[in-house]
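Participant: Line order of the protein sequences matches chains A and B.
Residue 161 in the numbering used here sits at position 70 of the first sequence; the count goes up by one each step and never skips.
Residue 77 in the numbering used here sits at position 76 of the second sequence; the count goes up by one each step and never skips.
Read the hints as simulated data drawn from the structure, not as lab findings.
Errors might be hidden in some of the hints.
[To be verified] Subject to a maximum C-alpha distance of 25 Å in a straight line, what follows is the list of computed DSS-like cross-link-like pairs (lysine-lysine):
id	chain 1	residue 1	chain 2	residue 2
1	B	Lys72	B	Lys55
2	B	Lys55	A	Lys132
3	B	Lys6	B	Lys69
4	B	Lys57	B	Lys72
5	B	Lys38	B	Lys57
6	B	Lys38	B	Lys69
7	B	Lys38	A	Lys132
8	A	Lys106	A	Lys132
9	A	Lys142	A	Lys106
10	B	Lys38	B	Lys72
11	B	Lys6	A	Lys106
12	A	Lys132	A	Lys169
13	B	Lys55	B	Lys6
14	A	Lys169	A	Lys142
15	A	Lys106	A	Lys169
16	B	Lys69	A	Lys145
17	B	Lys72	B	Lys6
18	B	Lys6	A	Lys169
19	A	Lys142	B	Lys6
20	A	Lys142	B	Lys72
21	A	Lys169	A	Lys145
Bear in mind the structure is a predicted one, so any value in this text is a computation, not a measurement.
Here is what each chain is made of, one letter per residue.
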Amino acid sequence: EAGVTQFPSHSVIEKGQTVTLRCDPISGHDNLYWYRRVMGKEIKFLLHFVKESKQDESGMPNNRFLAERTGGTYSTLKVQPAELEDSGVYFCASSQVQGGYNEQFFGPGTRLTVL
Amino acid sequence: DQQVKQNSPSLSVQEGRISILNCDYTNSMFDYFLWYKKYPAEGPTFLISISSIKDKNEDGRFTVFLNKSAKHLSLHIVPSQPGDSAVYFCAASGNQFYFGTGTSLTVIP
């Protein structure tokens, strides 16, 4: 069974540009999460989808970030316009069961560098 | 404000010895705790978890201990193997997942 995949693996853009990250969860997983890790710091929650609906987007830093999950399958996270502080590794995770007792399966991450 | 803290950024242990990774948290409402292991260029992978109603959970060489009164949990790996070298993240589950900053474990052959 394929795991969580993310595209691209790396992205280098200039400040002010737009970048779109994609996450394909494990097939059948209704729950999809986005996280971000800034260099050397903790992995921070960004948002949680249940199917196509945003269950919790309290971790989204600001309105330059837009996440979508059309059709409840893959998800995209768009940053527009990108700022220097957006640099980091963006992880996507998916799980079957919602709630505190699930095990989330993480993708390899997308390393975003904003110059 | 960081709710889950791993105060040791790195740890080196000799192969065969015990590795102890520590984690502290601030929110007494957390009901589930997890440890994830991460290799370079890969996403974190689930390692072991413990419910807040327990104080110990063991899975092979890995044991997690939870001290609720101290708001502290630890991961014991024994015996440590070179393949255990990775970054270990502690996570706590409340209304969402909160991760620590990670501890980089190096097991020296």
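Participant: Look at each hint and say if it fits the structure.
Facilitator: Hints, verified against the model:
no. : hint                 : verdict
1   : B:Lys72 to B:Lys55   : 13 Å, holds
2   : B:Lys55 to A:Lys132  : 29 Å, violated
3   : B:Lys6 to B:Lys69    : 15 Å, holds
4   : B:Lys57 to B:Lys72   : 14 Å, holds
5   : B:Lys38 to B:Lys57   : 19 Å, holds
6   : B:Lys38 to B:Lys69   : 23 Å, holds
7   : B:Lys38 to A:Lys132  : 15 Å, holds
8   : A:Lys106 to A:Lys132 : 22 Å, holds
9   : A:Lys142 to A:Lys106 : 32 Å, violated
10  : B:Lys38 to B:Lys72   : 21 Å, holds
11  : B:Lys6 to A:Lys106   : 31 Å, violated
12  : A:Lys132 to A:Lys169 : 22 Å, holds
13  : B:Lys55 to B:Lys6    : 20 Å, holds
14  : A:Lys169 to A:Lys142 : 18 Å, holds
15  : A:Lys106 to A:Lys169 : 14 Å, holds
16  : B:Lys69 to A:Lys145  : 32 Å, violated
17  : B:Lys72 to B:Lys6    : 11 Å, holds
18  : B:Lys6 to A:Lys169   : 29 Å, violated
19  : A:Lys142 to B:Lys6   : 31 Å, violated
20  : A:Lys142 to B:Lys72  : 34 Å, violated
21  : A:Lys169 to A:Lys145 : 15 Å, holds
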